[in-house]
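In this note's numbering, the protein residues as written are 17 to 205.
These are computed hints drawn from the structure, not numbers from a lab. Quantities reported herein were computed from a predicted structural model and do not represent experimental measurements. Even glycine gets a Cβ: it sits at the ideal position worked out from N, Cα and C. Treat each hint with caution, since some may be false.
[Claimed, not checked] Restricting the straight-line Cα-Cα distance to at most 27 Å, the calculated cross-link-like pairs of lysine-lysine (BS3-like) are:
| hint | residue 1 | residue 2 |
| --- | --- | --- |
| 1 | Lys72 | Lys39 |
| 2 | Lys115 | Lys88 |
| 3 | Lys160 | Lys115 |
| 4 | Lys20 | Lys115 |
| 5 | Lys88 | Lys57 |
[Claimed, not checked] Estimated spans, in silico, between C-beta atoms of each pair:
| hint | residue 1 | residue 2 | range |
| --- | --- | --- | --- |
| 6 | Lys22 | Asn147 | 23 to 31 Å |
| 7 | Arg110 | Asp90 | 16 to 24 Å |
| 8 | Asp202 | Gln66 | 32 to 40 Å |
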Amino acid sequence: MGKKNKIRIIFYGTPYFAVPSLKALVEADYNVVGAVTAPDKKAGRGMKIQMSDVKKAALELDIPVFQPTNLKSDSFQEILKELNPTIQIVIAFRMMPEKVWDFAPMGTFNLHGSLLPRYRGAAPIHHAIINGEKESGVTTFFLKHEIDTGNILMRASCVIEKTDTVGSVHDKLMLLGADLVVKTMDGIL
Numbered sequence: 017m018g019k020k021n022k023i024r025i026i027f028y029g030t031p032y033f034a035v036p037s038l039k040a041l042v043e044a045d046y047n048v049v050g051a052v053t054a055p056d057k058k059a060g061r062g063m064k065i066q067m068s069d070v071k072k073a074a075l076e077l078d079i080p081v082f083q084p085t086n087l088k089s090d091s092f093q094e095i096l097k098e099l100n101p102t103i104q105i106v107i108a109f110r111m112m113p114e115k116v117w118d119f120a121p122m123g124t125f126n127l128h129g130s131l132l133p134r135y136r137g138a139a140p141i142h143h144a145i146i147n148g149e150k151e152s153g154v155t156t157f158f159l160k161h162e163i164d165t166g167n168i169l170m171r172a173s174c175v176i177e178k179t180d181t182v183g184s185v186h187d188k189l190m191l192l193g194a195d196l197v198v199k200t201m202d203g204i205l
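Using the sequences and the hints given, assemble the complete structure.
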């Protein structure tokens with residue numbers, strides 16, 4: 017059993033932006049022991065139950081899925097104890113309480129869709145486009161109390177072309193981010 021298999025990763029994410037990173041970790045032979053995502057919700061005309069993109073991908077990859085409504089609950093804390101993560105990775109997920117992000121011995125890192133410290137918080141891709149930036153990128157960093165301010169681990173950048181839209185930059189960063197998440201894990205190892 018190699019080093020990668022000894023690391024137990026819990027992956028937190030909801031939208032499609034996080035899916036390539038989850039798949040890249042599995043393809044790189046990392047041991048993802050659980051995926052935590054938003055609860056299913058009713059959507060569309062027929063108000064049918066919709067799963068998050070991360071849940072769909074995790075099920076395809078045969079990764080156990082957890083959908084807590086309260087991350088501070090005793091039941092979710094028990095799940096964390098059972099999964100016994102070495103490290104946790106967060107991509108496009110909600111705010112996490114310290115008792116969750118501080119749970120794993122190696123910590124919790126986040127992939128953010130900007131070249132931090134620029135554009136902390138929500139909608140970093142939108143802000144980069146609105147402000148006419150010529151470059152954007154992704155950053156991995158360890159979580160701490162203040163939002164998007166933890167110690168930076170790695171960054172990767174891309175050019176924003178004049179023809180780019182929020183959607184096209186989103187897609188560039190999503191793929192750049194998947195590569196950076198694996199490189200960050202390799203670097204941590």
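Taking the hints in turn, this is what the structure says about them:
{"no.": "1", "hint": "Lys72 / Lys39", "result": "holds, 12 Å"}
{"no.": "2", "hint": "Lys115 / Lys88", "result": "holds, 7 Å"}
{"no.": "3", "hint": "Lys160 / Lys115", "result": "holds, 11 Å"}
{"no.": "4", "hint": "Lys20 / Lys115", "result": "holds, 25 Å"}
{"no.": "5", "hint": "Lys88 / Lys57", "result": "holds, 21 Å"}
{"no.": "6", "hint": "Lys22 / Asn147: 23 to 31 Å", "result": "violated, 43 Å"}
{"no.": "7", "hint": "Arg110 / Asp90: 16 to 24 Å", "result": "holds, 19 Å"}
{"no.": "8", "hint": "Asp202 / Gln66: 32 to 40 Å", "result": "holds, 34 Å"}
In the structure shown, a violation is registered for the earlier hint numbered 6 alone.
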